[in-house]
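Colleague: Quick mapping for you: the protein sequence lines, in order, are chains A, B and C. For the first sequence, this note's numbering begins at 1 and goes up steadily by one. For the second sequence, this note's numbering begins at 1 and goes up steadily by one. For the third sequence, this note's numbering begins at 1 and goes up steadily by one.
Just so you know, the hints here were simulated from the structure itself, not pulled from any lab data. Any given hint might turn out to be false.
Simulated restraints on C-beta separations [to be verified]:
(1) B:72 <-> C:69: 45 to 51 Å
(2) B:218 <-> A:231: 55 to 61 Å
(3) B:174 <-> A:242: 23 to 29 Å
(4) B:8 <-> A:170: 44 to 50 Å
(5) A:113 <-> B:213: 23 to 29 Å
(6) C:69 <-> B:218: 28 to 34 Å
Only pairs whose alpha carbons sit at most 30 Å apart, straight line, appear in this in silico BS3-like list of lysine-lysine [what the hints assert, rightly or not]:
(7) A:224 <-> A:213
(8) A:121 <-> B:168
(9) C:6 <-> B:40
(10) A:121 <-> B:7
(11) A:240 <-> B:168
(12) A:224 <-> B:168
(13) B:142 <-> B:188
(14) A:264 <-> A:224
(15) A:247 <-> B:168
(16) A:199 <-> B:168
(17) A:2 <-> A:14
(18) C:82 <-> B:7
(19) B:168 <-> C:82
(20) B:18 <-> A:213
(21) A:203 <-> B:188
(22) A:247 <-> A:203
(23) C:82 <-> B:40
(24) B:5 <-> C:82
(25) A:199 <-> B:188
(26) B:142 <-> B:207
(27) B:215 <-> A:121
(28) B:142 <-> A:121
(29) A:14 <-> A:213
(30) B:207 <-> A:240
(31) A:121 <-> B:207
(32) A:203 <-> A:254
(33) A:203 <-> B:168
(34) A:298 <-> A:264
(35) A:264 <-> A:240
(36) A:121 <-> B:5
(37) B:142 <-> A:213
Where chain A lies over chain B, by a calculated footprint (3+ residues, C-beta under 8 Å) [said to hold, decoys possible]:
(38) 153-165
(39) 217-223
Backbone N, C-alpha and C define an ideal beta-carbon position, used for all residues, glycine too.
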Amino acid sequence: MKSGSRLERILEAKLFAVTAELGPPKGPDRSVVERKMGLLRGVCDAINVTDNQTAIVRLSSVATCVMLAQAGLEPVMQMTCRDRNRLAIQADIFGAVALGVRNLLCLTGDHQCFGNHPTSKNVYDLDSIQLIQMVARMRDEGLTLGGEPIEGAVPLFIGGAANPFGDPFELRPIRLAKKVAAGVDFIQTQCIFDLPRFKEYMKRVVDMGLHEKCHILAGVMPLKSVGAARYINANVAGIKVPESIIKRLQGAGKGSKVRDEGIKICAETIQAVREIEGVHGVHIMAVEWEEAIAEITKQAGLLPRPEV
Amino acid sequence: MIVAKRKPLAEIAANLKKVNKLLIVGCNTCVAVCLAGGEKEVAMLASALRLALRPTNPNLQITERSVERQCEEEFNAVLAQDIAEHEVVLSMACGVGVQTLAEQFPSAIVYPALDTTFMGRPEERGIWSERCAGCGQCVLDKFGGICPITRCSKNLLNGPCGGSENGKCEVDPQNIDCAWQLIYDRLKRIGQLERLLEIEPPKDWSKSRHGGPRKIVREDMVL
Amino acid sequence: MTDQGKIVLLGCARSAGEAIEALAQAGRALPSHVEWVRLPCGSAVDELHILRAFEAGADRVMILACYDGACRSVTGNRWAEKRVQGAKALLEEAGIAGWRLQFRNIAPTMATDLLAWLEAFQEPEPAGAAAASSAESEAKK
Numbered sequence: 001m002k003s004g005s006r007l008e009r010i011l012e013a014k015l016f017a018v019t020a021e022l023g024p025p026k027g028p029d030r031s032v033v034e035r036k037m038g039l040l041r042g043v044c045d046a047i048n049v050t051d052n053q054t055a056i057v058r059l060s061s062v063a064t065c066v067m068l069a070q071a072g073l074e075p076v077m078q079m080t081c082r083d084r085n086r087l088a089i090q091a092d093i094f095g096a097v098a099l100g101v102r103n104l105l106c107l108t109g110d111h112q113c114f115g116n117h118p119t120s121k122n123v124y125d126l127d128s129i130q131l132i133q134m135v136a137r138m139r140d141e142g143l144t145l146g147g148e149p150i151e152g153a154v155p156l157f158i159g160g161a162a163n164p165f166g167d168p169f170e171l172r173p174i175r176l177a178k179k180v181a182a183g184v185d186f187i188q189t190q191c192i193f194d195l196p197r198f199k200e201y202m203k204r205v206v207d208m209g210l211h212e213k214c215h216i217l218a219g220v221m222p223l224k225s226v227g228a229a230r231y232i233n234a235n236v237a238g239i240k241v242p243e244s245i246i247k248r249l250q251g252a253g254k255g256s257k258v259r260d261e262g263i264k265i266c267a268e269t270i271q272a273v274r275e276i277e278g279v280h281g282v283h284i285m286a287v288e289w290e291e292a293i294a295e296i297t298k299q300a301g302l303l304p305r306p307e308v
Numbered sequence: 001m002i003v004a005k006r007k008p009l010a011e012i013a014a015n016l017k018k019v020n021k022l023l024i025v026g027c028n029t030c031v032a033v034c035l036a037g038g039e040k041e042v043a044m045l046a047s048a049l050r051l052a053l054r055p056t057n058p059n060l061q062i063t064e065r066s067v068e069r070q071c072e073e074e075f076n077a078v079l080a081q082d083i084a085e086h087e088v089v090l091s092m093a094c095g096v097g098v099q100t101l102a103e104q105f106p107s108a109i110v111y112p113a114l115d116t117t118f119m120g121r122p123e124e125r126g127i128w129s130e131r132c133a134g135c136g137q138c139v140l141d142k143f144g145g146i147c148p149i150t151r152c153s154k155n156l157l158n159g160p161c162g163g164s165e166n167g168k169c170e171v172d173p174q175n176i177d178c179a180w181q182l183i184y185d186r187l188k189r190i191g192q193l194e195r196l197l198e199i200e201p202p203k204d205w206s207k208s209r210h211g212g213p214r215k216i217v218r219e220d221m222v223l
Numbered sequence: 001m002t003d004q005g006k007i008v009l010l011g012c013a014r015s016a017g018e019a020i021e022a023l024a025q026a027g028r029a030l031p032s033h034v035e036w037v038r039l040p041c042g043s044a045v046d047e048l049h050i051l052r053a054f055e056a057g058a059d060r061v062m063i064l065a066c067y068d069g070a071c072r073s074v075t076g077n078r079w080a081e082k083r084v085q086g087a088k089a090l091l092e093e094a095g096i097a098g099w100r101l102q103f104r105n106i107a108p109t110m111a112t113d114l115l116a117w118l119e120a121f122q123e124p125e126p127a128g129a130a131a132a133s134s135a136e137s138e139a140k141k
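Make a model of the complete structure from these sequences and hints.
Modeller: Encoded structure:
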């Protein structure tokens, strides 16, 4: 065991893992975190906490993860390279580990132009691959990036992101190979709406044997409304919701009926990706809709979560 | 070359309250090539300032000059008398030229008329784009001659990120190409794609401006 | 019509120049407040000429060049329009309203049009004022 985290134990036991995302509040309001923790307890194996997602300032991932750990939940701390240099990253990792965090998702981070502080300087001292490599070395050799021994162990299960739909398409499996070579333990993909393209991607991944070197969790996202789908298509690089799904949402009617259809589509997607070779779990991103996770996991036949 | 563009007139004029004798000095190297601060631009700015400041500075006199290269004291030496005889010097050089004038004539009040922006190249007439960030440790050999430090919005060394779409950068898809798409295409073309399998380690930023302002001394060229 | 402030007319010899020559041959002249400056081609238009014209007391400046396809230097008329665009931006920054600088394409046969343009070279009416004044005159009927 590299970290002993629940997520690691589930995957090592070859059980289909379920992770979900929790978005922290735009301020220190703990009650928001507590409410969301309540919605996610028991319906997933680990909870990703975003790190100033889309460059919008929120309660830090470190602090929120500590709240989760103290509440007996399993956090996956997301960390981007946009806001912190190698010193701050290592320091925050020490802090997180000291306070019970055992899973780390290493990300590049959206550019600050998308967020609420577009005039800030960015950092990007490291990129996501260098970050993965650094953390693997901290864990396995007990050394900082500067080469000095670390006081205490750093038992982290190391994650990375993958975008099977990004350009250049031919480069995407190569990037995954690079992350594996850097030491990644698990991967969470960008939201899947284009199943055929995802199947093609996974076929290459399996051909390269990468599914045996890391655990891939397929990303899914429930759509609340047609408006939400259109917003994603217009504004979020790397995700495209196909017209067929938008039509299903339009055909569902209004209000809660559309949301129910969105949940249904998400559950169906989970069942479909579960069949694909190399997919070891699912990562549910219900942005500002954590309430939906329980219903999605129920419909997808993922409850109750197993004991490990 | 260094690429700059003229500051908004209002910003320039804000520093010229109550000024009657103004000297504008252009530079005929980089800023002339990017049509921002050469002899011609000096004349245009002088004319525009005379028009703009007619109501507030009715006695304004502007002297127009330009030198070959404002970053070298030898070229600026001819300006000594003019500088002494004018209240304010408005430099249309890049930031280096402005500072050279200020260092060379420490009693003078020197203001910049341009916003110096980047080291880059002309892509076509009227369009210039950034190419070099002066990182102090050139890695162009590893990336097919395309600089990821400068041309990738996140200066990734193991790119691309998830925001590369149709060969464009998510930060500004109209104007910014994804550097990693360019690198991938170039390395494929020159048969060096395997370079992309190597993990590029974290950069030594101490060699860049992050390590402090830099100086190069060629001992063999200093007596 | 505004008081007869000076209009400086800068134009290409092959289009504007010919039109003005045609006027003279017909026994007519440009209005007395118009100063005509003949250039070899639209491409010779320079922002500096325009700025200096205003500095020297011009109230308005009009630039004339050939129609697309008629320019002997091929793109001279298009460069003239670009120079006007550049000058207009700088003039606005300097506090001189953009409407005081006008660009028009002209052919050698358009002398009468030119006279009409010069007559009409006024500050544009504010939006809605035309509708208001016509409603007012309707009400008076």
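Colleague: With reference to the structure, classify each hint as holding or not holding.
Modeller: Against the structure, the hints:
no.	hint	result
1	B:72 <-> C:69: 45 to 51 Å	holds (48 Å)
2	B:218 <-> A:231: 55 to 61 Å	holds (57 Å)
3	B:174 <-> A:242: 23 to 29 Å	holds (25 Å)
4	B:8 <-> A:170: 44 to 50 Å	holds (45 Å)
5	A:113 <-> B:213: 23 to 29 Å	holds (27 Å)
6	C:69 <-> B:218: 28 to 34 Å	violated (58 Å)
7	A:224 <-> A:213	violated (35 Å)
8	A:121 <-> B:168	holds (22 Å)
9	C:6 <-> B:40	holds (26 Å)
10	A:121 <-> B:7	holds (22 Å)
11	A:240 <-> B:168	holds (16 Å)
12	A:224 <-> B:168	holds (29 Å)
13	B:142 <-> B:188	holds (13 Å)
14	A:264 <-> A:224	holds (11 Å)
15	A:247 <-> B:168	holds (29 Å)
16	A:199 <-> B:168	holds (25 Å)
17	A:2 <-> A:14	holds (16 Å)
18	C:82 <-> B:7	holds (20 Å)
19	B:168 <-> C:82	holds (29 Å)
20	B:18 <-> A:213	violated (73 Å)
21	A:203 <-> B:188	holds (23 Å)
22	A:247 <-> A:203	holds (29 Å)
23	C:82 <-> B:40	holds (16 Å)
24	B:5 <-> C:82	holds (18 Å)
25	A:199 <-> B:188	holds (25 Å)
26	B:142 <-> B:207	holds (18 Å)
27	B:215 <-> A:121	holds (24 Å)
28	B:142 <-> A:121	holds (27 Å)
29	A:14 <-> A:213	holds (13 Å)
30	B:207 <-> A:240	violated (41 Å)
31	A:121 <-> B:207	holds (19 Å)
32	A:203 <-> A:254	violated (38 Å)
33	A:203 <-> B:168	holds (26 Å)
34	A:298 <-> A:264	holds (10 Å)
35	A:264 <-> A:240	holds (19 Å)
36	A:121 <-> B:5	holds (22 Å)
37	B:142 <-> A:213	holds (27 Å)
38	153-165	holds (count 13)
39	217-223	violated (count 0)
Checked against the numbered hints given earlier, this structure breaks hints 6, 7, 20, 30, 32 and 39; the rest are met.
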